[in-house]
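With the hints as your guide, set chain V onto chain R.
Residue numbers (the numbering used here), protein chains in the order written: chain R, 22 to 425; chain V, 22 to 425.
Treat each hint with caution, since some may be false.
Any copy will do: because identical chains look the same in the list, a pair fits if it lies in one copy or spans two.
Capping the alpha-carbon separation at 20 Å, the derived lysine to aspartate or glutamate pairs in EDC-like fashion look like this [said to hold, decoys possible]: (1) Lys-307 - Glu-27; (2) Lys-44 - Asp-96; (3) Lys-307 - Asp-64; (4) Lys-307 - Glu-138; (5) Lys-91 - Asp-64; (6) Lys-287 - Glu-27; (7) Lys-31 - Asp-143; (8) Lys-56 - Asp-380; (9) Lys-290 - Glu-27; (10) Lys-31 - Glu-138; (11) Lys-56 - Glu-88; (12) Lys-145 - Asp-28; (13) Lys-217 - Glu-257; (14) Lys-112 - Glu-257; (15) Lys-332 - Asp-64; (16) Lys-290 - Asp-28.
Keep in mind that the hints were calculated from the coordinates and are not lab data.
There are 2 protein chains.
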Amino acid sequence: MVWPNEDYLKLPGSYLFSTVARKQREFSAAHPEAKIIRLSIGDVTQPLAPAIIEALHKAVDEMASAETFKGYAPDLGYEFLRNVVSEKDYKARGCDIAPDEIFISDGAKGDCGNIQEIFARDCKVAVCDPVYPVYVDTNVMAGRTGTYDEKTGTWSDVIYMPCTAENGFAPELPKTVPDLIYLCFPNNPTGATITKDQLQVWVDYANKEGAVIIYDAAYEAYISEENVPHSIYECEGARECAIEIHSFSKNAGFTGVRLGYTVIPKDLKAGNVALHALWARRHGTKYNGAPYIIQKAGEAVYTPEGQAQLKEQVAYYMKNAQTIREGLAAAGYTVSGGVNAPYIWLRTPKDMTSWEFFDHLLEKANVVGTPGSGFGPSGEHYFRLTAFGSCENTVEAIERIKKM
Amino acid sequence: MVWPNEDYLKLPGSYLFSTVARKQREFSAAHPEAKIIRLSIGDVTQPLAPAIIEALHKAVDEMASAETFKGYAPDLGYEFLRNVVSEKDYKARGCDIAPDEIFISDGAKGDCGNIQEIFARDCKVAVCDPVYPVYVDTNVMAGRTGTYDEKTGTWSDVIYMPCTAENGFAPELPKTVPDLIYLCFPNNPTGATITKDQLQVWVDYANKEGAVIIYDAAYEAYISEENVPHSIYECEGARECAIEIHSFSKNAGFTGVRLGYTVIPKDLKAGNVALHALWARRHGTKYNGAPYIIQKAGEAVYTPEGQAQLKEQVAYYMKNAQTIREGLAAAGYTVSGGVNAPYIWLRTPKDMTSWEFFDHLLEKANVVGTPGSGFGPSGEHYFRLTAFGSCENTVEAIERIKKM
Numbered sequence: 022m023v024w025p026n027e028d029y030l031k032l033p034g035s036y037l038f039s040t041v042a043r044k045q046r047e048f049s050a051a052h053p054e055a056k057i058i059r060l061s062i063g064d065v066t067q068p069l070a071p072a073i074i075e076a077l078h079k080a081v082d083e084m085a086s087a088e089t090f091k092g093y094a095p096d097l098g099y100e101f102l103r104n105v106v107s108e109k110d111y112k113a114r115g116c117d118i119a120p121d122e123i124f125i126s127d128g129a130k131g132d133c134g135n136i137q138e139i140f141a142r143d144c145k146v147a148v149c150d151p152v153y154p155v156y157v158d159t160n161v162m163a164g165r166t167g168t169y170d171e172k173t174g175t176w177s178d179v180i181y182m183p184c185t186a187e188n189g190f191a192p193e194l195p196k197t198v199p200d201l202i203y204l205c206f207p208n209n210p211t212g213a214t215i216t217k218d219q220l221q222v223w224v225d226y227a228n229k230e231g232a233v234i235i236y237d238a239a240y241e242a243y244i245s246e247e248n249v250p251h252s253i254y255e256c257e258g259a260r261e262c263a264i265e266i267h268s269f270s271k272n273a274g275f276t277g278v279r280l281g282y283t284v285i286p287k288d289l290k291a292g293n294v295a296l297h298a299l300w301a302r303r304h305g306t307k308y309n310g311a312p313y314i315i316q317k318a319g320e321a322v323y324t325p326e327g328q329a330q331l332k333e334q335v336a337y338y339m340k341n342a343q344t345i346r347e348g349l350a351a352a353g354y355t356v357s358g359g360v361n362a363p364y365i366w367l368r369t370p371k372d373m374t375s376w377e378f379f380d381h382l383l384e385k386a387n388v389v390g391t392p393g394s395g396f397g398p399s400g401e402h403y404f405r406l407t408a409f410g411s412c413e414n415t416v417e418a419i420e421r422i423k424k425m
Numbered sequence: 022m023v024w025p026n027e028d029y030l031k032l033p034g035s036y037l038f039s040t041v042a043r044k045q046r047e048f049s050a051a052h053p054e055a056k057i058i059r060l061s062i063g064d065v066t067q068p069l070a071p072a073i074i075e076a077l078h079k080a081v082d083e084m085a086s087a088e089t090f091k092g093y094a095p096d097l098g099y100e101f102l103r104n105v106v107s108e109k110d111y112k113a114r115g116c117d118i119a120p121d122e123i124f125i126s127d128g129a130k131g132d133c134g135n136i137q138e139i140f141a142r143d144c145k146v147a148v149c150d151p152v153y154p155v156y157v158d159t160n161v162m163a164g165r166t167g168t169y170d171e172k173t174g175t176w177s178d179v180i181y182m183p184c185t186a187e188n189g190f191a192p193e194l195p196k197t198v199p200d201l202i203y204l205c206f207p208n209n210p211t212g213a214t215i216t217k218d219q220l221q222v223w224v225d226y227a228n229k230e231g232a233v234i235i236y237d238a239a240y241e242a243y244i245s246e247e248n249v250p251h252s253i254y255e256c257e258g259a260r261e262c263a264i265e266i267h268s269f270s271k272n273a274g275f276t277g278v279r280l281g282y283t284v285i286p287k288d289l290k291a292g293n294v295a296l297h298a299l300w301a302r303r304h305g306t307k308y309n310g311a312p313y314i315i316q317k318a319g320e321a322v323y324t325p326e327g328q329a330q331l332k333e334q335v336a337y338y339m340k341n342a343q344t345i346r347e348g349l350a351a352a353g354y355t356v357s358g359g360v361n362a363p364y365i366w367l368r369t370p371k372d373m374t375s376w377e378f379f380d381h382l383l384e385k386a387n388v389v390g391t392p393g394s395g396f397g398p399s400g401e402h403y404f405r406l407t408a409f410g411s412c413e414n415t416v417e418a419i420e421r422i423k424k425m
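Only chain R is shown next, with the shape it has when bound in the complex:
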């Protein structure tokens, strides 16, 4: 008789964003006149840039004639895209990443979730706290995380690295040595980042301990300050210890278009096994490539027109980040993030819990944000707002918060 995967059953029932959505729905039903502004989830609102629209139309036309029609894509992705990624995202920054070390996929979320599969089932995972839930949940589903403690909201076999105001939201090296270390900078949810020197410490540590760093660089395009690394491969020795995951969702507005890539250098090993070969095997067996027309849209991201248009788009969102950050600071809140990231992380006032502040903000300002505690225990008493709304809504939301 067939049984389910018991590890799936360990996952706590409700997902952060579902609870946020339900509370918003209930409030709307009770107050149909309220004009709610959502500064909660990480979805973009600006349309695709003209250069991308043009590339999509052109690729669609190619699919209409037998001479230019494209069937199954190459397993790793089309060369035209892997070449330009290698050139613009790596070689231009002095990072030695070859096109055949780049695996094109349908987005960073899938890659973040699937990457753990190529590692041993008993490997020890370390995550920042607070953290993007996908890293932990997918390890729960793989049976790596031990038992869940409802009270603390933590798993017995996960190493949590607190990121709080005390350490500038930068994790410290853990006391127990992990095998797999998830790092995301610029960070979701805190919006914080670390310097190249700080990241070098992690690379050295991983190489010393034989650990692998999974570096989520989804928000790289929002970096505005010098000395903040755009890629972990800017650090010495990262080719021997790091996998890097990229998204097109936030730099090019592809949340509904779906494109991403993962870098696995050929030097990277677990035991004496090259992880590149394992990930290639996973791609070949469980995946059939990103759509041709979407990969052509990805190529357009790197054209001079695409780059210029997307720079404007990122600037639009970062103007919102500034509006939120400065507005909240003026209203007396303690805020961080929003300088190199589209996320603003604020300390709740009067020692409210994250969910108390969520209700307070929804009721008094009709603004929806995300409770920091939903990202992990160290997120308690914090709250996340995102810069992905429209400019008008963002300005209005902050005006309302100021009047609370």
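Chain V only, in chain R's frame:
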């Protein structure tokens, strides 16, 4: 120190289609004048139908303006697509499948590979022999298949159900009771199918034994005969024991467009756990939805224009199937398949092994096909040709084979 997933390392090195491609490459290099015709892999060659091209352009335009731009898709897929699938693929055939039992994905291969994840790690898997390699390989990667025997090409913990001329390429109920049963009809690679009564036997068996059937219906559009089920849900009791996986690759030429769906009825349980909830959790945690523009293309498949155009496209390929089937029979080959499927399965002449016949065909006729033994031990002495080439190439390939 980090270690790799040891189960990945158990997979035999070379993949069937890679070996086929390598042999073809080597032959081309040695005989640059030879005009090779590939009747080997399952990729389509006809361009997308006009109704689909139109839908793609329209959806691209929607992404160009803030008012109609679409970000993250709903986890299960857009309602417009789930509704029409439920209506046209199920209710129209008398099958009771609701829109919220349909999970839209980026293709059948991924779903076929990932679905095993929601089941217990020690569940016992049964597959047809020969078989589409993805079912077995993904269970190897999950650690379910025991040890590999190089000599027989089989795994110690997999239940193989031989499909040969003796049983009309229809599997018999296995002697050991499995927990998970993979069935694919019309079949890849044999092109055979089974009647509704035969499939009902499997549904009854699964319900009696508490097993789950994973029914791969990727080639459903090629069914031309009466009494061949288009869906397993045409059988009584299938809602309690079956998952069905669909592709848009072969009925609509979406191999490079990427769209599919999986049906998990809410009545389907493993132990007392609803599998629908588990798959929903997997979708929500490891996947971010199929692209909006691709889902709009999927919707166009079901419009009257789309249906008419795709009927012609399927007829085009089935004319090729007829050319191959009748041509080979006239040349004295023993052939099956090609009536309800785009695959023709032939017995190798003079008791050649599958790979001997591969070399023979490549050398004498410059035609590439797929050795049956690559799909499993019972495929030995068989060979697969596909109907997805152009009409001209198919006719020429058969002329050449006749002259061998």
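The hints, checked one at a time:
For the identical chains of this complex, Lys-307 and Glu-27 are inter-copy neighbours only, at 17 Å across copies versus 22 Å inside a copy, given an alpha-carbon limit of 20 Å. When the C-alpha separation of Lys-44 and Asp-96 is checked against a cutoff of 20 Å, the pair qualifies only between copies, where the shortest distance is 19 Å, while the shortest distance within a copy is 42 Å. For the identical chains of this complex, Lys-307 and Asp-64 are inter-copy neighbours only, at 17 Å across copies versus 27 Å inside a copy, given an alpha-carbon limit of 20 Å. With identical chains, the CA atoms of Lys-307 and Glu-138 are at most 20 Å apart both within one copy (12 Å) and between copies (12 Å).
Only between protomers do Lys-91 and Asp-64 lie at most 20 Å apart by alpha-carbon distance; the minimum there is 10 Å, versus 30 Å within a single protomer. Taking CA atoms no more than 20 Å apart as the test, Lys-287 paired with Glu-27 passes between copies only; the shortest distance there is 19 Å, against 35 Å inside one copy. Taking identical chains as interchangeable, the C-alpha atoms of Lys-31 and Asp-143 lie at most 20 Å apart whether they share a chain (17 Å) or sit on different chains (18 Å). Taking the closest pair of Cα atoms, Lys-56 and Asp-380 come within 20 Å of each other only inside a single copy of the chain (15 Å); across copies the shortest separation is 71 Å, beyond that limit.
For a Cα distance limit of 20 Å, the shortest separation of Lys-290 from Glu-27 across copies, 13 Å, qualifies, whereas the shortest one inside one copy, 30 Å, does not. In this assembly of identical chains, the alpha carbons of Lys-31 and Glu-138 lie at most 20 Å apart whether taken from the same copy (18 Å) or from different copies (14 Å). For a Cα distance limit of 20 Å, the shortest separation of Lys-56 from Glu-88 across copies, 18 Å, qualifies, whereas the shortest one inside one copy, 52 Å, does not. Within a single copy, Lys-145 and Asp-28 get their C-alpha atoms as close as 16 Å, and across copies as close as 18 Å, so both meet the 20 Å cut-off.
Proximity of Lys-217 to Glu-257 under the C-alpha cut-off of 20 Å is restricted to the intra-copy arrangement: shortest distance 10 Å within a copy versus 63 Å between copies. Proximity of Lys-112 and Glu-257 under a CA criterion of 20 Å is satisfied intra-copy only: 15 Å inside one chain copy versus 60 Å between copies. Proximity of Lys-332 to Asp-64 under the C-alpha cut-off of 20 Å is restricted to the intra-copy arrangement: shortest distance 18 Å within a copy versus 39 Å between copies. When the C-alpha separation of Lys-290 and Asp-28 is checked against a cutoff of 20 Å, the pair qualifies only between copies, where the shortest distance is 16 Å, while the shortest distance within a copy is 27 Å.
Checked against the numbered hints above, the structure breaks none of them.
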